[in-house]
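A.B. asks: Assemble the whole structure, with the sequences as input and the hints as a guide.
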Amino acid sequence: MSSQSATSQAGVVPPKRRRRVGRHDLAPWLFIAPGAIIFGVYVVIPIFQSFWLSLFEWDGITVDKEFVGLANYQQLFEDEQFWTSLRNNVYWLVFFLLGPVGGVAIAVFLNQQVRGMRLVKSLFFFPFVLSQVVIGLVFSWFYDPEHGLLNAVLGIFGVPPFAPLSDPNMVTFAIIAAGLWPQVSYCMILYLAGLTAVDPEQIEAGRLDGAKGFRMFWHIIMPQLRPATFIAVVITVVGALRSFDLVQVMTDGGPYGSSSILAFFMFQQSITNFRMGYGAAIAVVLFLIMSVFIAFFLWRMIRTEEH
Amino acid sequence: MFPAPIDKASPPKRYLYYVAVVVALVAWLLPLLAVLLTSIRSAEDLNMGNYWGWPKEWKFSNYIEIFQATPLLRYLINSVVITIPAVFLAIALATLGGYALAKFKFRGNLLMFCIFVGGNFVPFQILMVPVRTMTLRFGLLDTYWALILFHLAFQTGFCTLFMRNFISTLPNALIESARVEGVGEFKIFWHIIVPLLRPALAALAVLLFTFVWNDYFWALVLVQSDTVKPITTGIASLRGQWLASWQLISAGSIVAALPPVAMFFILQRQFIAGLTLGAVK
Chain A
1 MSSQSATSQA GVVPPKRRRR VGRHDLAPWL FIAPGAIIFG VYVVIPIFQS
51 FWLSLFEWDG ITVDKEFVGL ANYQQLFEDE QFWTSLRNNV YWLVFFLLGP
101 VGGVAIAVFL NQQVRGMRLV KSLFFFPFVL SQVVIGLVFS WFYDPEHGLL
151 NAVLGIFGVP PFAPLSDPNM VTFAIIAAGL WPQVSYCMIL YLAGLTAVDP
201 EQIEAGRLDG AKGFRMFWHI IMPQLRPATF IAVVITVVGA LRSFDLVQVM
251 TDGGPYGSSS ILAFFMFQQS ITNFRMGYGA AIAVVLFLIM SVFIAFFLWR
301 MIRTEEH
Chain B
308 MFPAPIDKAS PPKRYLYYVA VVVALVAWLL PLLAVLLTSI RSAEDLNMGN
358 YWGWPKEWKF SNYIEIFQAT PLLRYLINSV VITIPAVFLA IALATLGGYA
408 LAKFKFRGNL LMFCIFVGGN FVPFQILMVP VRTMTLRFGL LDTYWALILF
458 HLAFQTGFCT LFMRNFISTL PNALIESARV EGVGEFKIFW HIIVPLLRPA
508 LAALAVLLFT FVWNDYFWAL VLVQSDTVKP ITTGIASLRG QWLASWQLIS
558 AGSIVAALPP VAMFFILQRQ FIAGLTLGAV K
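Protein chains in written order, with our numbering: chain A, 1 to 307; chain B, 308 to 588.
Please note: incorrect hints may appear among the correct ones.
Computed, partial: chain A to chain B, Cβ under 10 Å [said to hold, decoys possible]:
#1 33
#2 38
#3 40
#4 60
#5 114
#6 133
#7 149
#8 193
#9 228
#10 263
#11 270
#12 290
Everything labelled a hint here was simulated from the structure, so no lab data went into it. We put the beta carbon where it would ideally sit given N, CA and C, even for glycine.
C.D. replies: Written out as structure tokens, the structure is:
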């Protein structure tokens with residue numbers, strides 16, 4: 001890239017090269033413009049618009065919006081449903097991290113060169129390509145207290161029938177479990193890719209030092225899987241904060257709002273209750289929580305770029 | 308290799324491993340097997356409470372009935388009409404942008420890159436009201452274009468990140484020598500860079516197809532008519548109407564899941580290559 005770094009000192013290059021310099025300066029912008037414009041219109045600008053909108057009371061239909069300052073936020077912090085949703089978001093964040101844990105466990109379990117293993121890995125992985133709607137339907141059926149396979153199987157072991165999706169104390173965890181299914185698959189595939197790149201010499205050295213089983217895994221393998229872990233954790237955190245589909249499909253936030261999360265609460269307020277300003281305020285809170293993780297991710301990415 | 312290769316273990320250990328793999332696999336796919344079994348059951352079976360016993364008759368006709376009794380086929384076509392152009396256009400824009408970010412040094416390069424990457428992670432809800440209002444103002448609410456435009460715009464973020472990282476690995480010498488010979492910038496891109504991107508483009512296309520096909524949230528927010536609805540919101544609304552007919556809903560769910568699953572099994576290598584980019588080094 002040395003030829004371009006010279007062009008940044010446009011003022012001092014000899015006149016003969018000036019035409020080429022101008023062309024180089026414009027070219028990247030022409031290449032990037034179409035993507036940047038449409039991304040700006042649909043993603044970047046709406047973020048600011050939502051911040052602005054959160055200061056208004058608006059039903060989404062009438063032309064007039066009423067400026068209410070921070071009243072939406074004030075109301076939000078007194079809204080019990082907001083705190084329920086936020087608490088459930090924390091549950092999602094914490095328990096979704098079982099995704100990478102389960103992923104690495106299955107990856108290690110399946111990392112063998114046996115005939116037919118490729119198919120087995122694919123079968124473990126493919127829940128990831130199912131849509132969340134299908135997963136929601138599959139698990140609604142699976143959890144069904146009368147007809148579901150879960151109760152049928154647990155019944156064999158003498159567990160009395162129960163309804164995970166109708167119990168306010170259980171419902172969020174039941175949905176998270178459904179969400180973990182494709183998430184574990186995804187993390188597994190990241191770790192399987194990571195395991196192929198593990199340095200065999202380090203394993204040999206570890207064996208000579210008497211490291212075995214879990215000690216070997218923890219001290220020699222895991223450090224080498226760090227890039228996979230980083231991506232798995234980032235994707236899992238984003239996935240946890242973004243989850244919406246499963247809640248909407250499986251319980252519609254119920255029973256009595258007990259399985260609501262911020263993303264769903266926002267949708268409900270804006271689309272069902274026509275409170276766009278209030279919805280925007282909820283979205284802003286969710287965005288700010290996410291920003292912490294986005295900032296961390298960008299910071300790490302830039303740091304590794306510089307190396 | 309870690310863990311130690313199982314084929315070097317003693318035979319009993321080896322067989323134990325095979326059994327464990329099969330048991331784990333069945334347990335893992337149990338919820339899906341339940342749906343698969345239900346989808347070929349008769350209504351009588353379900354009414355009689357025969358959920359998990361041997362079915363009285365195998366009713367593969369459930370799969371025909373779901374197509375005849377519901378607009379499922381329409382939903383599938385809608386999904387195709389929305390997904391294909393969105394994937395194609397997002398990749399086209401991102402290849403152009405990714406090239407600029409990978410091979411040109413210009414002021415704002417890093418900032419642009421961060422915006423694309425960061426934007427890609429924002430929660431959808433922060434975009435929802437403005438995007439919906441804008442779509443309404445364009446007169447596109449409840450049309451294919453509402454979803455095509457949004458998906459193409461949003462996915463451009465992820466795709467640009469992907470293409471930029473891939474193009475960065477191509478040698479600069481190729482571009483520089485072409486420049487010395489006076490080849491125009493766009494010609495360099497089109498004739499030298501793009502032909503080298505084939506594996507990356509394939510991987511990205513498969514991934515993106517799955518992402519867009521499986522979208523539920525935006526379909527819920529931007530379209531509502533049966534004539535436009537994709538399969539995701541389609542199957543969800545069928546479930547509302549056919550609450551008691553689990554055998555049909557199961558069959559519908561299987562149909563809805565089939566295209567991305569088929570895509571995955573056919574183009575597995577590309578799919579996994581795309582997904583695990585960056586997980587290794």
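A.B. asks: None of the hints should be skipped; say for each whether it holds.
C.D. replies: Verification of the hints:
1. 33: Interface hint status for residue 33 of chain A: holds (8 Å vs cutoff 10 Å).
2. 38: holds (4 Å)
3. 40: holds (8 Å)
4. 60: holds (7 Å)
5. 114: holds (6 Å)
6. 133: Nearest chain B Cβ about 5 Å off; hint holds.
7. 149: At 4 Å from the nearest chain B Cβ, residue 149 of chain A passes the 10 Å test, so the hint holds.
8. 193: holds (4 Å)
9. 228: Given a least distance of 4 Å, the restraint on residue 228 of chain A holds.
10. 263: Holds. Min distance 5 Å.
11. 270: holds (6 Å)
12. 290: holds (5 Å)
When the structure is compared with the earlier hints, no violation turns up for any of them.
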